[in-house]
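Asker: Each chain, written out:
Protein chains: 2
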Amino acid sequence: MTDAGERVPTRREVLHAIGVMGGASVLYQAMATMGHAAETQFAGPPNLSGARPGASVLVLGAGLAGMLATYELGKAGYTVQILEYNMRPGGRNWSLYGGDTYTELGGATQKIGFAPGNYLNPGPWRIPYHHRTLLHYCKAFGVALEPFIQLNHQALVQSAGAFGGKPQRYRDLAADWDGNVAELLAKAIDNKGLDTAMTAEDRDRLKLALREWGFLDKDLRYVRGLKSSRRRGYDRPPGGGVNGAPIPSEPIPFKDVMDSKVWATIAQHMENDHQTTMFQPVGGMGMIGKAFGRQVADKVRFGAKVTKIDQSGGAVTVTYTDLASNTVQTAKADYCVCTIPLGILSQIDLDASTGLRAAIAAVPYSNSVKVGLEMRSRFWEEDEAIYGGISFTDRAISMISYPSGGMHSAGPGVILGAYTFGPASYKFAGMPPEQRIAEALEQGSVFHPGRYKEQFIGGAAVAWSRSPFTLGCCAQWNEDTRKEHYQTLVAVDDRIVLAGEHASYVGCWMEGALLSSIDAITRLHKRALEA
Amino acid sequence: MTDAGERVPTRREVLHAIGVMGGASVLYQAMATMGHAAETQFAGPPNLSGARPGASVLVLGAGLAGMLATYELGKAGYTVQILEYNMRPGGRNWSLYGGDTYTELGGATQKIGFAPGNYLNPGPWRIPYHHRTLLHYCKAFGVALEPFIQLNHQALVQSAGAFGGKPQRYRDLAADWDGNVAELLAKAIDNKGLDTAMTAEDRDRLKLALREWGFLDKDLRYVRGLKSSRRRGYDRPPGGGVNGAPIPSEPIPFKDVMDSKVWATIAQHMENDHQTTMFQPVGGMGMIGKAFGRQVADKVRFGAKVTKIDQSGGAVTVTYTDLASNTVQTAKADYCVCTIPLGILSQIDLDASTGLRAAIAAVPYSNSVKVGLEMRSRFWEEDEAIYGGISFTDRAISMISYPSGGMHSAGPGVILGAYTFGPASYKFAGMPPEQRIAEALEQGSVFHPGRYKEQFIGGAAVAWSRSPFTLGCCAQWNEDTRKEHYQTLVAVDDRIVLAGEHASYVGCWMEGALLSSIDAITRLHKRALEA
Chain A
45 MTDAGERVPT RREVLHAIGV MGGASVLYQA MATMGHAAET QFAGPPNLSG
95 ARPGASVLVL GAGLAGMLAT YELGKAGYTV QILEYNMRPG GRNWSLYGGD
145 TYTELGGATQ KIGFAPGNYL NPGPWRIPYH HRTLLHYCKA FGVALEPFIQ
195 LNHQALVQSA GAFGGKPQRY RDLAADWDGN VAELLAKAID NKGLDTAMTA
245 EDRDRLKLAL REWGFLDKDL RYVRGLKSSR RRGYDRPPGG GVNGAPIPSE
295 PIPFKDVMDS KVWATIAQHM ENDHQTTMFQ PVGGMGMIGK AFGRQVADKV
345 RFGAKVTKID QSGGAVTVTY TDLASNTVQT AKADYCVCTI PLGILSQIDL
395 DASTGLRAAI AAVPYSNSVK VGLEMRSRFW EEDEAIYGGI SFTDRAISMI
445 SYPSGGMHSA GPGVILGAYT FGPASYKFAG MPPEQRIAEA LEQGSVFHPG
495 RYKEQFIGGA AVAWSRSPFT LGCCAQWNED TRKEHYQTLV AVDDRIVLAG
545 EHASYVGCWM EGALLSSIDA ITRLHKRALE A
Chain B
45 MTDAGERVPT RREVLHAIGV MGGASVLYQA MATMGHAAET QFAGPPNLSG
95 ARPGASVLVL GAGLAGMLAT YELGKAGYTV QILEYNMRPG GRNWSLYGGD
145 TYTELGGATQ KIGFAPGNYL NPGPWRIPYH HRTLLHYCKA FGVALEPFIQ
195 LNHQALVQSA GAFGGKPQRY RDLAADWDGN VAELLAKAID NKGLDTAMTA
245 EDRDRLKLAL REWGFLDKDL RYVRGLKSSR RRGYDRPPGG GVNGAPIPSE
295 PIPFKDVMDS KVWATIAQHM ENDHQTTMFQ PVGGMGMIGK AFGRQVADKV
345 RFGAKVTKID QSGGAVTVTY TDLASNTVQT AKADYCVCTI PLGILSQIDL
395 DASTGLRAAI AAVPYSNSVK VGLEMRSRFW EEDEAIYGGI SFTDRAISMI
445 SYPSGGMHSA GPGVILGAYT FGPASYKFAG MPPEQRIAEA LEQGSVFHPG
495 RYKEQFIGGA AVAWSRSPFT LGCCAQWNED TRKEHYQTLV AVDDRIVLAG
545 EHASYVGCWM EGALLSSIDA ITRLHKRALE A
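So the protein lines, in turn, are chains A and B.
Counting in our numbering, the first sequence runs without a single skipped number right up to 575 at its last residue.
Counting in our numbering, the second sequence runs without a single skipped number right up to 575 at its last residue.
Derived from the structure by calculation, the hints contain no laboratory data.
Worth double-checking, as some hints may not be accurate.
A pair counts as met if it fits within one copy or between any two copies, since identical chains are not told apart.
[Claimed, not checked] Using 27 Å as the maximum straight-line C-alpha spacing, the simulated DSS-like pairs for lysine-lysine come out as follows:
{"no.": "1", "residue 1": "527", "residue 2": "262"}
{"no.": "2", "residue 1": "299", "residue 2": "236"}
{"no.": "3", "residue 1": "497", "residue 2": "183"}
{"no.": "4", "residue 1": "251", "residue 2": "210"}
{"no.": "5", "residue 1": "236", "residue 2": "251"}
{"no.": "6", "residue 1": "305", "residue 2": "251"}
{"no.": "7", "residue 1": "183", "residue 2": "343"}
{"no.": "8", "residue 1": "271", "residue 2": "527"}
{"no.": "9", "residue 1": "251", "residue 2": "299"}
When you get a sec, could you build the whole thing from the sequences and use the hints?
Answerer: So, in structure tokens, the structure goes:
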């Protein structure tokens, strides 16, 4: 409907032009002004306009940070090579499929037996809508995405201290939490609890709003009736024909709702990182690592275990063991982007400033254990109308998550049967894989007692503290370490710059690894041009 | 892991056995006992064990109710024929694709120009997880489903009376609503507003819960800081490298949040009918009508306009005009399932009890207008990270909805540009289609001012009050008409029974049509066996 000759440039085109002219910080200002920045620090792919002629970069690690650095530096004209410990690209971005084998520290080896198409994502498993860098490269590299269901009202919440340990629907608990909060606030207003805080007119407006928001009756009570059932569901839902009339359901007493601690589950769902719309790659998170890997396929040396990083004599020289031949080799380049996780890096002979080495040693890694349980049928869909989402428990497994992919298909399907944190994760990591699986099966059966064990086929379990390529899950910064070490950790150290989720404030997320990488190579490129 | 010989029968198998033995009401009791019933009145496909030998049924209307009746009665052994006014199956279940033509009452004809794969769903467009009947038959008939995104935190809320008419993110408004409600309730507790309602211990527990749920600071205040930004987002979100540290955002003053009336939007999203996980068929809602149509393809006569229904002489005789030949013809059967919408049926010469005819005349139909706007690119995804979901406005269009299918693909994509209700829908219906489209484009551009009109390619608009096959959107029962007419409307009237969403308490939903149909044919079958 518009004349092509008069076409308004797209926001993206304008931003790109600003980026080329003014660089990243000017670009961020422009994005903020154009109302775009609030979701992301991503300002488009880096504008590395012209490599230093003949310059080379050695990238350590073929995770997302390392592969992005390789891709973008290569586009800019640098000669880039990656050394990677594993025999595959992706690092923690990884899916385990049937036929795969995984050996953890300690030697336990699992041969995965999942049916074709099924998988466990041991690492990242969901992508927020505001992780624009990752979404940009998924689109650019042809990774098909599908919605990841985080919040499912039909899923369950279970804790030992509520309802005698019997799981409840999130739907009921969340409805009853909101409804009671609304009723109590309306009551407190009537009891003059807000007389000093609000005008009489605002108090009246608020009461009417609470009635609508909380599904209260006309007397501002949260009680059994068609109003509250419209949110929490019915004892007998509306139907067709003779018995079509619905029968309302009875709200749960507020004391029990409190015992369930459902507010914590609600809050977790409402966090910016878990809000709709989330995504996952079709076919497993590892599709992203594979897609990045295709972009840098000619530049990666797999099975290379780095033992020494030297930057004397105007170059970076990296010593590594070629695992296939068990020979010691070296690689040399003008610069180095090092994405090796800090727990591993701290064990490598690194020629860097005292400050950087202190920073690397200062940041511990978290642990986590994930267990995948393959089930013969999708009984959670067929029996209970649970499609994707998470059921929460205060047991050690912390949650089970139903697959967001392949919904409505026949089985088998893989449930995420455990996602442990803190002490529980170390307890799980201390068990042999088959025991982790058995324990997850036992604990998770609280949600689906008649079916869980009966439908179980086989599992897989990854304990990140036993991961030979990370020695943990992800970097655990705190306020003190941020203050003392963060800027040193991310600064270019002569010819070396670190990148990865550990060099970001988006810790444990792929987005952090990518944003860190873009920032690191942008500064390294500047350094190279100045040298 | 279990021995096949010891296999526990599935819940479905048990229910099926109960249904065969005891019928629908016993089955429902059993479902309730087994904790299954709360989401649905669907107890599996009807058990019509053995048709009355040689008996025939005439079904009027090839919408979902009519086709389901045909499918199930046919399976039971009845000879079934459908008469359908349109030249396609599905009724209100329908998608408009590029190349389609639609002529409404008044003669306005639209030739749809959408790109291949794009569509508008003029009627139903989303499926709740608890609409088990529909989901069952989608699975049985091979309809591929994908998640429908209802609630999108990144989508917008706009009203003339708030923020000078400028749209706000749902995320910000919803976070600030909850946060302020939490702070106010905590404050009211401190002001002794709940001293008579709760024990001191419970009040303290509640305050701690409110802090967590509302993202309050340690002093129970909802203020600018990393805590509230964790939910509402940041001024500068966490990033990587040197400028990785996040900058918190400033909550909106509560007075403005109140002006936005966001609580109504939150409540709408939280309703049982809109809770996660919702679905849509891949490729348009009309895929369901087509799939049902394939099951009954040999039994439908299209282009048949019913003018008279007679049930004298021990049979049902239907007179209809064959629209292709413009000839008057008759069809005859032992029984009739009539799914013709009431506004049309009331104009047909119907041989039925006075009570049934009064019921048919007593129920008015709502109107609604839907407009599809095809856009050159998916700018809402690229520019604003909005993936699916709905932006709400108090303008006549009431909302715009971004496509849940094909996310992350290149354009063009079709936005639902208007979904009007009440008086606004009659105003829209009074315009010629091209004016409805222009008006929707104008009103919707409030959400995306720089892009909406510039990216527009073409549209389609369906006004249900001008639909020649329904004369409206769906049946509008009220408490009085339910009491006076509902049971009469659904009762078997000699040899005729009505079915459709109008014969249910799940009005305006496909599920209501299907549940009504199952109930109607179950009773008709019983009647036939008793005859």
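Asker: All the hints need checking, so say for each whether the structure fits it.
Answerer: Hint-by-hint comparison with the structure:
1. In this assembly of identical chains, the alpha carbons of residue 527 and residue 262 lie at most 27 Å apart only when taken from different copies (22 Å versus 54 Å within one copy).
2. Proximity of residue 299 and residue 236 under a CA criterion of 27 Å is satisfied in both settings, with 24 Å inside one chain copy and 19 Å between copies.
3. Taking the closest pair of Cα atoms, residue 497 and residue 183 come within 27 Å of each other only across two copies (25 Å); inside a single copy the shortest separation is 39 Å, beyond that limit.
4. Taking the shortest Cα distances, residue 251 and residue 210 sit within 27 Å of each other only across copies (26 Å), while inside one copy they are farther apart (34 Å).
5. Within a single copy, residue 236 and residue 251 get their C-alpha atoms as close as 13 Å, and across copies as close as 18 Å, so both meet the 27 Å cut-off.
6. Proximity of residue 305 to residue 251 under the C-alpha cut-off of 27 Å is found in both arrangements, the shortest distances being 25 Å within a copy and 13 Å between copies.
7. Proximity of residue 183 to residue 343 under the C-alpha cut-off of 27 Å is restricted to the intra-copy arrangement: shortest distance 22 Å within a copy versus 46 Å between copies.
8. In this homomeric assembly, residue 271 and residue 527 come within 27 Å of each other (Cα to Cα) only across copies, at 19 Å, whereas the closest approach inside a single copy is 52 Å.
9. Within a single copy, residue 251 and residue 299 get their C-alpha atoms as close as 23 Å, and across copies as close as 14 Å, so both meet the 27 Å cut-off.
Hint check: no violations occur; every hint is consistent with the structure.
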